[in-house]
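K.L.:
Below, each chain spelled out in residue letters.
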Amino acid sequence: MAKPGDALLFSVVRRDHRPWLLLLNAAIATTGGLLLPAALADAVDMALGGTFVLVTVLWLLLLAGTEIVGDAIGIVLAATITSRATAWLRRRLARHLLAVGHPSPFAAGDAVSRMTGDCGNAGGIAVTLITLLVTAVSSVGAVVALALLDWRLAAVFAVSVPLAMLLVRTHMQLTADDVLTYQEVSGEVSARLLDSVSGLRTIAAAGIADRETNRVLQPLPRLAAAGAGMWRTQAKMMWRAGLLLPAVEVAVLTAAGFGVLEGRLSPGDVLAALGYAALGMGVVGQIPQLTALERTRASATRIAEVLDTPPPARPAVVPGSGIELRNVSVDGALHDVSITIPEGAFAAIVGSSGAGKSTLAAVLGGLSAVDSGTVVRDGEVGYAFERPALLGATIGRSIGYGTDADEAQVRDAAVAAQVHDVLIRLPQGYETPLADAPLSGGEAQRIGLARAIVRDPAVLVLDDATASLDTVTEAKVDAALTTALPGRTRVVVTHRPATAARADLVVWLEDGRVRGTGTHQELWDDEDYRAVFTGGE
Amino acid sequence: MRFYFSTLAGHRRGVLILLGWSALEGVPAFFGGKLVGTAVDRGFAAGDPLAGVLWLLAFAALAVAGALGQRQVFARLGDVVEPMRDALVTRVVKGVLNDPAHRRTPDASAVAMITRHVEVVRDATAGVLVQARALLVTTVAALVGLATTAAALIWLVVLPIVAALLLFALMLPSLAKRQRDAVMADEHTAEASGAVLTGLRDVAACTASDEAYDDIATQITRQARATITVAWANSLRATVIALGGFAPIVLLVAFAPPLVASGRLTTGAVLAAVVYLTNSVNPALHGLARTTSTVVMRLMVALKRLQEAAPQTGKDDGEEIPSNGEFVLRDVTFGWSADAEPVLRDVSLSLKPGDHLAVVGPSGIGKSTMASLLTGLMPPDNGSVLFGGAPVDRVVPEVRHHAIALIPQETYLFTGTVRENLALLAPWATDEDLLDAVDKVGAKQLLDRLGGLDASLGHAGEGLSAGEAQLLALARVYVTSASVVILDEATSHLDPAAEARVERAFAGRDGILVVIAHRLSSALRANRVLVMDGGRPLLGTHEHLLKTSPLYGQLMLAWDPTRHEETPLPNR
Numbered sequence: 001m002a003k004p005g006d007a008l009l010f011s012v013v014r015r016d017h018r019p020w021l022l023l024l025n026a027a028i029a030t031t032g033g034l035l036l037p038a039a040l041a042d043a044v045d046m047a048l049g050g051t052f053v054l055v056t057v058l059w060l061l062l063l064a065g066t067e068i069v070g071d072a073i074g075i076v077l078a079a080t081i082t083s084r085a086t087a088w089l090r091r092r093l094a095r096h097l098l099a100v101g102h103p104s105p106f107a108a109g110d111a112v113s114r115m116t117g118d119c120g121n122a123g124g125i126a127v128t129l130i131t132l133l134v135t136a137v138s139s140v141g142a143v144v145a146l147a148l149l150d151w152r153l154a155a156v157f158a159v160s161v162p163l164a165m166l167l168v169r170t171h172m173q174l175t176a177d178d179v180l181t182y183q184e185v186s187g188e189v190s191a192r193l194l195d196s197v198s199g200l201r202t203i204a205a206a207g208i209a210d211r212e213t214n215r216v217l218q219p220l221p222r223l224a225a226a227g228a229g230m231w232r233t234q235a236k237m238m239w240r241a242g243l244l245l246p247a248v249e250v251a252v253l254t255a256a257g258f259g260v261l262e263g264r265l266s267p268g269d270v271l272a273a274l275g276y277a278a279l280g281m282g283v284v285g286q287i288p289q290l291t292a293l294e295r296t297r298a299s300a301t302r303i304a305e306v307l308d309t310p311p312p313a314r315p316a317v318v319p320g321s322g323i324e325l326r327n328v329s330v331d332g333a334l335h336d337v338s339i340t341i342p343e344g345a346f347a348a349i350v351g352s353s354g355a356g357k358s359t360l361a362a363v364l365g366g367l368s369a370v371d372s373g374t375v376v377r378d379g380e381v382g383y384a385f386e387r388p389a390l391l392g393a394t395i396g397r398s399i400g401y402g403t404d405a406d407e408a409q410v411r412d413a414a415v416a417a418q419v420h421d422v423l424i425r426l427p428q429g430y431e432t433p434l435a436d437a438p439l440s441g442g443e444a445q446r447i448g449l450a451r452a453i454v455r456d457p458a459v460l461v462l463d464d465a466t467a468s469l470d471t472v473t474e475a476k477v478d479a480a481l482t483t484a485l486p487g488r489t490r491v492v493v494t495h496r497p498a499t500a501a502r503a504d505l506v507v508w509l510e511d512g513r514v515r516g517t518g519t520h521q522e523l524w525d526d527e528d529y530r531a532v533f534t535g536g537e
Numbered sequence: 001m002r003f004y005f006s007t008l009a010g011h012r013r014g015v016l017i018l019l020g021w022s023a024l025e026g027v028p029a030f031f032g033g034k035l036v037g038t039a040v041d042r043g044f045a046a047g048d049p050l051a052g053v054l055w056l057l058a059f060a061a062l063a064v065a066g067a068l069g070q071r072q073v074f075a076r077l078g079d080v081v082e083p084m085r086d087a088l089v090t091r092v093v094k095g096v097l098n099d100p101a102h103r104r105t106p107d108a109s110a111v112a113m114i115t116r117h118v119e120v121v122r123d124a125t126a127g128v129l130v131q132a133r134a135l136l137v138t139t140v141a142a143l144v145g146l147a148t149t150a151a152a153l154i155w156l157v158v159l160p161i162v163a164a165l166l167l168f169a170l171m172l173p174s175l176a177k178r179q180r181d182a183v184m185a186d187e188h189t190a191e192a193s194g195a196v197l198t199g200l201r202d203v204a205a206c207t208a209s210d211e212a213y214d215d216i217a218t219q220i221t222r223q224a225r226a227t228i229t230v231a232w233a234n235s236l237r238a239t240v241i242a243l244g245g246f247a248p249i250v251l252l253v254a255f256a257p258p259l260v261a262s263g264r265l266t267t268g269a270v271l272a273a274v275v276y277l278t279n280s281v282n283p284a285l286h287g288l289a290r291t292t293s294t295v296v297m298r299l300m301v302a303l304k305r306l307q308e309a310a311p312q313t314g315k316d317d318g319e320e321i322p323s324n325g326e327f328v329l330r331d332v333t334f335g336w337s338a339d340a341e342p343v344l345r346d347v348s349l350s351l352k353p354g355d356h357l358a359v360v361g362p363s364g365i366g367k368s369t370m371a372s373l374l375t376g377l378m379p380p381d382n383g384s385v386l387f388g389g390a391p392v393d394r395v396v397p398e399v400r401h402h403a404i405a406l407i408p409q410e411t412y413l414f415t416g417t418v419r420e421n422l423a424l425l426a427p428w429a430t431d432e433d434l435l436d437a438v439d440k441v442g443a444k445q446l447l448d449r450l451g452g453l454d455a456s457l458g459h460a461g462e463g464l465s466a467g468e469a470q471l472l473a474l475a476r477v478y479v480t481s482a483s484v485v486i487l488d489e490a491t492s493h494l495d496p497a498a499e500a501r502v503e504r505a506f507a508g509r510d511g512i513l514v515v516i517a518h519r520l521s522s523a524l525r526a527n528r529v530l531v532m533d534g535g536r537p538l539l540g541t542h543e544h545l546l547k548t549s550p551l552y553g554q555l556m557l558a559w560d561p562t563r564h565e566e567t568p569l570p571n572r
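Residue numbers (the UniProt record's numbering), protein chains in the order written: chain A, 1 to 537; chain B, 1 to 572.
Among the clues, some could well be false.
Anything over 12 Å on all C-beta distances counts as not near chain A; from chain B, calculated [stated by the list, open to error]:
| # | residue |
| --- | --- |
| 1 | Pro-322 |
| 2 | Tyr-412 |
| 3 | His-544 |
Short, incomplete list of chain A residues facing chain B, as computed with Cβ under 10 Å [said to hold, decoys possible]:
| # | residue |
| --- | --- |
| 4 | Pro-4 |
| 5 | Leu-35 |
| 6 | Pro-37 |
| 7 | Leu-40 |
| 8 | Val-57 |
| 9 | Arg-84 |
| 10 | Gly-187 |
| 11 | Ser-198 |
| 12 | Thr-202 |
| 13 | Glu-212 |
| 14 | Thr-213 |
| 15 | Ala-225 |
| 16 | Ala-228 |
| 17 | Gly-268 |
| 18 | Ala-452 |
| 19 | Gly-512 |
Source of the hints: derived by calculation from the structure; they are not laboratory data.
Backbone N, C-alpha and C fix where the C-beta goes; we use that ideal spot for every residue, glycine too.
Generate coordinates for the entire structure from the input sequences, incorporating the hints supplied.
P.N.:
Structure representation (structure tokens):
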């Protein structure tokens, strides 16, 4: 049955000419491999005959050489094909996810697993297909070769393989219980470790690391028991698999033995029969590859799912002064919102949780698309968030992210955001890798602010971007913003009455609608408005 | 690495049993060639089919014995691998929880990585035990078998194999390096895409999708290149091994004719020799090459990463005994590195039992560092932090932990009952003690809602708000007999009234209370205030600071800009 990812897999195979090279190489190596047992048989017969025949030995060398060189080339070719295909898929996926943008219909963790896991699986499609094909051809070839030696050998092989497989039939009950228990207990240990890691400072200060280690490790005996169960199951499977090849070999050897007895076969041919029997069994070992193929298709489907998601249409912004929203609706978040924020004004957006404040902030600067209505705006919008995701290699770069700001500009922005003093105290100052920087929530917020400031935007939108700052720092940031970006339109989502009080205009949201606009003092008389600040916190 | 081997050595008995069963597994390899050769030689070729079939049946019986051995090997694997995994997990958890560098706290993804690497070590150890052992047993058995059947040709067989193995060993270091690079490239790709995909909103806000794409694409390309580099090394390795495995066969048939002609080598011996080489030695050699280059490398990389995640630190415990319960700080200076601007500069103060100190200042200025220095979690760069006359980080750990309690902003709650959580630092506490502490910090309502001391908590205080979690952490310390309590923004998620209640409760205990303040109201309740604002810190009472420090006055004004005209300062 065709899956949505199959077309994608097809294009993966087709975009590169290397799979054909791999196929050609495999064809040559397989031919060599198929001729090899016969050549070996001839060589052994020659040796048993007591005379050295150069041609026979050279033929053996040539075939062996072909196989060895073919294998060597095959390894590099296969890796090249797979890794190039994987990289191609990953780049396409990254490009597309970035084009779909925010808000993404795919959760971040899920998207990462599609990027790392699924692209890796799907990238292996060409190699998986060729491996399957080559093994099948080589198995069929081996049976044909057996038949050419003596049709009885092929018959015995053809009968004994299904019989042997029936005999050793593995009820693949991979004791799902043990596997499940193992994963569960392993997850439990991780969760306990994560608990303790979050409380590392408490543990260190109280000197209870050893006791807490024992607490984390409490479920360990259950883990070991489940693990031992898994090994026992595997032992049973290995036992059965271990019988399969010898059973077939003995059957074929016996048939070959009678061939020698009756003079149809030489002693060397016995070896050839043994070799072909092993080669013919190769296809049995490839059964897991079929599962791999299914996995590949499933992965491709997951990638295609992303690539088939169209980027949302973002209507062009109508240029105008200040910011104006006309009858803007966003499904499930905003209903028919119309507001006007004059150029240079300081506006606060307030409302209890879930009122649509963040969506409104996102719509103002075109961060997310609107379902209906018009956004009128002039110039670039800079955003700062309550929990900014800092990106880029170093702290300094995370401020200049997406711009070509130089060192001095980055530094000025950090000074304005009241975070410069923190950054120069880091181990390598502004050059500290982001991953190595110990940042508190408030510090990250101020770096996020600096990132907005460095862009020198016409409009600044702060989505609860100072929530983790203490009142002193917040006031300083506020003053510094006015100095650093004088006369800019500023929109602030806030929970603090002090901030709302400083605003020229307060937009009060409730359930996705504008409940009221005016100054903080005007709105303060309304009991419901006061409840936004007292009840919400 | 040393740890890994010593753990394995600790299970020597299990490993020996494993090797014992391996010997059984090697039986077919030892006799296989000889039996096939004899079946042809004395049976089929000698016109005695019954003898031939019987010899082959003996071969089949040996194959069953070998499979049985293999089965036992796998069944016993659990006895070696699982205890090894236990030991590894124990060591890693211990290492993580004892890590003195509190700055780089592992997060959820780091914990997930640790779990993954432990699993790799488990699987890879099993793989190596199975493969390397099989190789050893099979090769030795086959070579011995070969020596007994075709002794005249043994050097022709052994030399190429030894040469190939030597060459292979020489190639290992570069192979290992490439493999490690590939693993690192893999992790970097995951990190880069993870960062961007988690931060799509911010990428859009920065209109930085080109830079974000470039960051990811760079890592993707690098990884593809690393994978291909590994493939080249693997290809070379496979060639060496294949040559080493095939050369003996060619040499054998090339040198056998005169020996056969002179009657020194029988048909059976030649057949046996070839069967040994093709059916036993060659597969084993290929198995070795495969195992070493993939499994062993993965094992080494995982062990190395685990080592980094959980560094083993030799703890050097202090032996000083404090003479009283007083703190004295003299010219304390601390910075994260020699180049970085110091976080604390020339702080001097003394604290006596009954003192209540509030530390105020903007966030990120180093207030938490102050808490860490007082707790003895780290020593100052310059100056001294003395507790009862002794450097606090050199005080006997038991005494120090007993006397000084720190409640950090991030609370530690674990899965277990509320009682277990509350009695963490005071296992001797009775239920009355616990209930009293709960009542004092104002968490009684919370406890009732949870269902009393026997109620159980989920991971990381699941279902509790941040403020509720802080209340439990506060009650936990209240019940201890610590004479010095440091609240490091430990009330940040409480409302002002609840915060005041907590601070008053702790101030009511005898001893020293240090409050790293989240709100300035904490300063009003303290009898001394330390103001940190980047420069030299200021110390004094609230009233004194108001009169003498314009900075402090400004801080207090900034606290509530809306109401400062009518009520410039909150009442104490």
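K.L.:
Can A/Val-57 be said to touch chain B, with a Cβ gap under 10 Å?
P.N.:
Interface hint status for A/Val-57: holds (5 Å vs cutoff 10 Å).
K.L.:
Find the nearest Cβ of chain A to the Cβ of B/His-544 and say whether that gap is larger than 12 Å.
P.N.:
holds (19 Å)
K.L.:
Can you verify the interface hint for A/Gly-187: is its Cβ closer than 10 Å to any Cβ in chain B?
P.N.:
Given a least distance of 8 Å, the restraint on A/Gly-187 holds.
K.L.:
Report holds or violated for the interface hint on A/Gly-512, using the least CB-CB distance to chain B and a cut-off of 10 Å.
P.N.:
Because about 20 Å separates A/Gly-512 from the closest Cβ in chain B, which is outside the 10 Å limit, the hint is violated.
K.L.:
Going by Cβ atoms only, is A/Pro-4 closer than 10 Å to chain B?
P.N.:
Status violated, d = 22 Å.
K.L.:
Measuring from the C-beta of A/Leu-40 to each C-beta in chain B, is the shortest one below 10 Å?
P.N.:
holds (7 Å)
K.L.:
Holds or violated: is the Cβ of A/Ala-452 closer than 10 Å to a Cβ in chain B?
P.N.:
Check passed: Cβ of A/Ala-452 comes within 8 Å of chain B, closer than 10 Å.
K.L.:
Quick check on the hint: A/Arg-84 CB to chain B CB, less than 10 Å?
P.N.:
Since the shortest Cβ distance to chain B is 6 Å, the answer is holds.
K.L.:
So, A/Ser-198 near chain B? Judge it on the closest CB pair being under 10 Å.
P.N.:
Holds. Min distance 6 Å.
K.L.:
Can the hint on A/Thr-202 be confirmed by a CB-to-CB distance to chain B that is less than 10 Å?
P.N.:
Holds - the Cβ of A/Thr-202 comes within 10 Å of chain B, reaching about 4 Å at its closest.
K.L.:
If you take the shortest Cβ to Cβ gap from A/Thr-213 to chain B, is it below 10 Å?
P.N.:
At 5 Å from the nearest chain B Cβ, A/Thr-213 passes the 10 Å test, so the hint holds.
K.L.:
Holds or violated: is there a CB of chain B closer than 10 Å to the CB of A/Gly-268?
P.N.:
For A/Gly-268, the interface hint holds, since the closest Cβ of chain B sits about 8 Å away, which is under 10 Å.
Comparing the model with each earlier hint shows violations of hints 2, 4, 5, 19; every other hint is respected.
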